[in-house]
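S.K.: If you count the sequence shown from 1, position 89 lands on 89 in UniProt numbering, and the numbers rise without skipping.
Hints are computed from structural coordinates only; laboratory data are not their basis. This one's a predicted model, so the numbers in the text were calculated from it and none came from an experiment. The beta carbon of each residue, even a glycine, is placed where N, CA and C say it ideally should be. Hints are not guaranteed to be accurate.
[Said to hold, decoys possible] Simulated crosslink set (DSBU-like; lysine-lysine; CA at most 35 Å straight-line):
1) K216 <-> K229
2) K115 <-> K27
3) K115 <-> K168
4) K174 <-> K27
5) K69 <-> K87
6) K168 <-> K27
7) K87 <-> K307
8) K27 <-> K216
9) K69 <-> K115
10) K87 <-> K115
[Said to hold, decoys possible] Quick list of simulated restraints, FRET-style, between CB atoms:
11) L86 <-> E323: 54 to 60 Å
12) R234 <-> K27: 29 to 35 Å
13) T325 <-> P25: 29 to 35 Å
14) Y63 <-> A111: 24 to 30 Å
15) P79 <-> K27: 23 to 29 Å
16) Q236 <-> I34: 46 to 52 Å
17) Q236 <-> G64: 55 to 61 Å
18) R340 <-> T206: 26 to 32 Å
19) D375 <-> C84: 32 to 38 Å
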Amino acid sequence: MSRASILALAAVWKLGLTSAALSYPIKENDVEMIFDNQPLNLFVDSGSSESYLVYGGWYESLYGRGSCKHLISGCYFCPPTDPCDLKGLLAQNVVELGFADGDIVRFVYRAVTLKLSDEREITNLQIGLMVGSTRAERGVQPIPELGLSLPSPGLEREQPSLLWQLVKAGVISKAAFSVHVSEALGWMTGQLMLGEDSGGAGNVTTFRLGEFSRAKRVIGVSASAVLVKHSSNRVQEFSKKRKHLKVTFDTGTCETVLPTELFVTILEALEAELGRHRVSWLSETLCFTRCLLDAYIGGDGYIWVRKSVIERLPVIVIQVGAESTFEVHLSRHVYACRGRWCSILVSDRGMDDDPHMLVLGMRFFKEYDVYVDFDTGVIGLATAQTPVPSAALEKAWKVPRCRRTGRPRSGLTGPLRRSVGGAGHD
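All chains, please: the whole structure from these sequences, using the hints.
M.R.: What follows is the structure, encoded as structure tokens:
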């Protein structure tokens, strides 16, 4: 066989080993992956670049031998062929990761083997083993994560990206992923594709990733304008005073978080749509006055509306660049309903380091299939092919195992503090 034939055969053989993408079902925000023959659940988080597992030796040191069987995610234990213990891990370089809600996770990197669905194994994959968590310290189950964003420039070696490691191993062809949601009753259920871009979809609108994305280890775009559209097609412009607004896409956050000024614009749009006498923005709205209202802010900081007015909620129009836009329909952000009232997971809880950032949480992924390609630096949005149902029943009322982005800001002042009463359910 000639040298050219051998090279050609090798190229074909390599292509045969390289998958265009890896597919993982998402169930209640988690994907199952197999590390060193241990099936474990990881929380899908596009707002983080780190991936880590719960180390069983640490968790059982807190809650006793056998306690890992009660953990939703399951625990990772080092295999007999490559043993480890908590003391040895703590002697290594411990990475501390803080979240906007105040939670802190500590982990160390370790080489593991990832088994794929076709039985192939990827060895020497660097992933974190959790050896500390403020959630666990206060009796709440810790959350292992599959981080989908990329580390800050210069930190690729110290904090290796799972996507880049899979590309380097020849498992996927590019550093890209997509999220397709089929159900969002409390949590998010659907499909995660690693290595897939938007090439196969016909109705995708693409945008350049914002320059801030890598520095902040998030996935986002810079908006040139933000408008609020009423159901009557009246439009209010929010962003005249800002050149650019940072907009991020975060599967790890329950809610959609707006800068306070934009949140106030939404409240003003609701007043104009429903009537000033039919809304109350005091969180202490009394139960007996709710029969007079169509919308109010609850003690949880979220907007509550009657089922009958959900389709009249405003639409946020985000423009990126000179022409491309996409819409955020707040009617798709219903979390659950109690009686006649429904909670809209939209708030002005802020990112402490950037209070003007707009965070599109997991509810946004009900409305769009989202494609991210780090190789080309673009994000693609395609309207979901089938409508994703909202959690409209009280039985779906659960607390999602996702991060709350921050604390409510005190942005509601002046005339928006008016109230005809005060909060409860009629």
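S.K.: A separate judgement is required for each hint: does it hold in the structure or not?
M.R.: Structure-based check of each hint:
1. K216 <-> K229: With a Cα-Cα distance of about 30 Å, the restraint between K216 and K229 holds, given a limit of 35 Å.
2. K115 <-> K27: 19 Å, holds
3. K115 <-> K168: Satisfied, since the Cα-Cα distance of roughly 16 Å is no more than 35 Å.
4. K174 <-> K27: Distance ~25 Å between K174 and K27 Cα, so the pair holds.
5. K69 <-> K87: 22 Å, holds
6. K168 <-> K27: Holds, because 28 Å separates the two Cα atoms, which is no more than 35 Å.
7. K87 <-> K307: The hint is violated at about 54 Å.
8. K27 <-> K216: 27 Å, holds
9. K69 <-> K115: 21 Å, holds
10. K87 <-> K115: 27 Å, holds
11. L86 <-> E323: 54 to 60 Å: 55 Å, holds
12. R234 <-> K27: 29 to 35 Å: With a Cβ separation near 41 Å, R234 and K27 fall outside 29 to 35 Å, so the hint is violated.
13. T325 <-> P25: 29 to 35 Å: 32 Å, holds
14. Y63 <-> A111: 24 to 30 Å: For A111 against Y63, whose Cβ atoms are near 27 Å apart, the range 24 to 30 Å holds.
15. P79 <-> K27: 23 to 29 Å: Distance hint for P79, K27 holds at roughly 26 Å.
16. Q236 <-> I34: 46 to 52 Å: 50 Å, holds
17. Q236 <-> G64: 55 to 61 Å: For G64 against Q236, whose Cβ atoms are near 56 Å apart, the range 55 to 61 Å holds.
18. R340 <-> T206: 26 to 32 Å: 41 Å, violated
19. D375 <-> C84: 32 to 38 Å: 34 Å, holds
When the structure is compared with the earlier hints, violations turn up for hints 7, 12, 18 and for no others.
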